Structure formats: C-alpha cells, structure tokens
Amino acid sequence: QVQLQESGPGLVKPSQTLSLTCTVSGGSISSGSYYWSWIRQPAGKGLEYIGRIYARGGTDYNPSLKSRVTISVDRSKNQFSLRLTSVTAADTAVYYCARHYDISAKMAHGFDYWGQGILVTVSS
Amino acid sequence: DIQMTQSPSSLSTSVGDRVTITCQASQDISKCLNWYQQKPGKAPKVLIYGASNLETGVPSRFSGSGSGTDFTFTISSLQPEDIATYYCQQYDDLPFTFGGGTMVEIK
Numbered sequence: 155q156v157q158l159q160e161s162g163p164g165l166v167k168p169s170q171t172l173s174l175t176c177t178v179s180g181g182s183i184s185s186g187s188y189y190w191s192w193i194r195q196p197a198g199k200g201l202e203y204i205g206r207i208y209a210r211g212g213t214d215y216n217p218s219l220k221s222r223v224t225i226s227v228d229r230s231k232n233q234f235s236l237r238l239t240s241v242t243a244a245d246t247a248v249y250y251c252a253r254h255y256d257i258s259a260k261m262a263h264g265f266d267y268w269g270q271g272i273l274v275t276v277s278s
Numbered sequence: 007d008i009q010m011t012q013s014p015s016s017l018s019t020s021v022g023d024r025v026t027i028t029c030q031a032s033q034d035i036s037k038c039l040n041w042y043q044q045k046p047g048k049a050p051k052v053l054i055y056g057a058s059n060l061e062t063g064v065p066s067r068f069s070g071s072g073s074g075t076d077f078t079f080t081i082s083s084l085q086p087e088d089i090a091t092y093y094c095q096q097y098d099d100l101p102f103t104f105g106g107g108t109m110v111e112i113k
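Keeping their order, the protein sequence lines are chains B and Y.
Start counting the first sequence at 155; every next residue gets the next number (my numbering).
Start counting the second sequence at 7; every next residue gets the next number (my numbering).
Treat the hints with care, as some may be off.
To be verified - Straight-line alpha carbon distances no greater than 30 Å define the calculated BS3-like cross-link-like pairs of lysine-lysine that follow:
(1) LYS48/Y - LYS167/B
(2) LYS199/B - LYS45/Y
(3) LYS231/B - LYS51/Y
(4) LYS113/Y - LYS231/B
(5) LYS260/B - LYS167/B
Claimed, not checked - Away from chain B, derived, C-beta distances all over 10 Å, residues of chain Y:
(6) VAL25
(7) LYS51
(8) GLU61
(9) ARG67
(10) SER82
(11) ILE89
(12) ALA90
(13) GLN95
(14) ILE112
Derived from the structure by calculation, the hints contain no laboratory data.
Given the structure is predicted, the values throughout are model-derived calculations rather than measurements.
Note that beta-carbon positions come from the ideal geometry of N, C-alpha and C, so glycine has one too.
Make the full structure from the sequences, and use the hints.
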C-alpha cells in the first residue's frame, strides 16, 4: 500500500521560501509511469494544482506559479520536494502531495494516492 | 487554462434523496474528468474517473456521466457518510484544474 507523507515548516515568513518534502513509502518513486504532484488548498477554498514531476524526470508547473516553483526528486530517499519562493499571505494553504499515473499519455484513475496534507501559514 | 464551473456550490437534502451535481468545462475535454470526495480535514478521494468509471471499492450509489463540456455526478440515495465536499477535475490539458466544489449537507 503506497503512502505519502508531507513534512516541512508550518510557518514561513513573507518573501521567504516555502520548502516541503513528500516521503513515499510502500513503493518506489522511480517505478512505472508515475507522476508526483503538489496540490494546495487555502482554508475553506478549492483545490489548486501546483505542478508535478515524472518518475523518470521532467516537470511541469501551473503557469500561475511557474516563476516561483521548483519540484525536484531524491530517488535515494524516495522523496520529492516543493520549493515556492517569495511567498505572501496568499500562499497560506494546506499543501498536499499526490500521485497519479498515465495510460496513453492521459491521467488514469485520477490522483489515486494523497498525503494527509500539511498546513503552511505565511506570516511574520 | 480550462475553467471548471461546478454547481451548486452547496446543497442541503435528506438521507435517501437523490443528489445531482453538475460540472461544466470552458472547452471540450472529451471524457477527461474525475470526481473527488473530500471530508473535513482529509485529503480528497477519487470516486469517478474518466467521467463515468467507478473507482474500485466505491459504493455503486455514486455515478458520473457526460462528455465534452457538460458532466453530472449523482448520488442515487444519500447516506449520512456522504456528507462531504465534492470536486470535479479535468485532465484533458495542463494545468489540471478543479471545480469550485459542492458542499453536501444533511437537512
């Protein structure tokens, strides 16, 4: 059973960099046609896709955040990470990591595994 | 980006009632649509993928239909454990985008 777990600081100061890690257990982050994504949700609001990294390399980012986002993978630790620079209060949200895989270059079965989420507050 | 418009934003109904939620895409997305259930304090859970396919283990009272720009999600007989917020999500094009959500409550 695959499990994902987010970790990182719960409080970040404005203009600084938000850094989160997602640890994957129960399976290799490098296997299969898996994509590893970050999604966020401000309190009481909807879900926003941030971006993803492919198990074998390659990333894509939401254009609305692209200039500030980097997603990377550490295969030796079975982890992937999110860096979001120059944060403001608008970046306060619960951040989720999630997995999906593709069939014929299209998402199959949606985001099928999620972390529990981590609340990150941007405040001085 | 493809905009997903979900309605209603909330509804209140009785146990046993039929619940219908709609999701409209700003352009043709074929059947590239998923439906999720999110309970308070929890991560979303996929219920329907590919517009109409029931995820393994999901009760058959949940169903989805539609293609192109108009989609429907139905709970045939609402149960107390179905109290949650439901989201549609398109995957026809990047970035993936979600509808605004529908909060389902018991009257």
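Review point. Among the hints numbered above, which are violated by the structure, and what are their numbers in rising order?
Key: Going through the list in order, the structure violates hints 4, 5, 7, 8 and 13 and respects the others.
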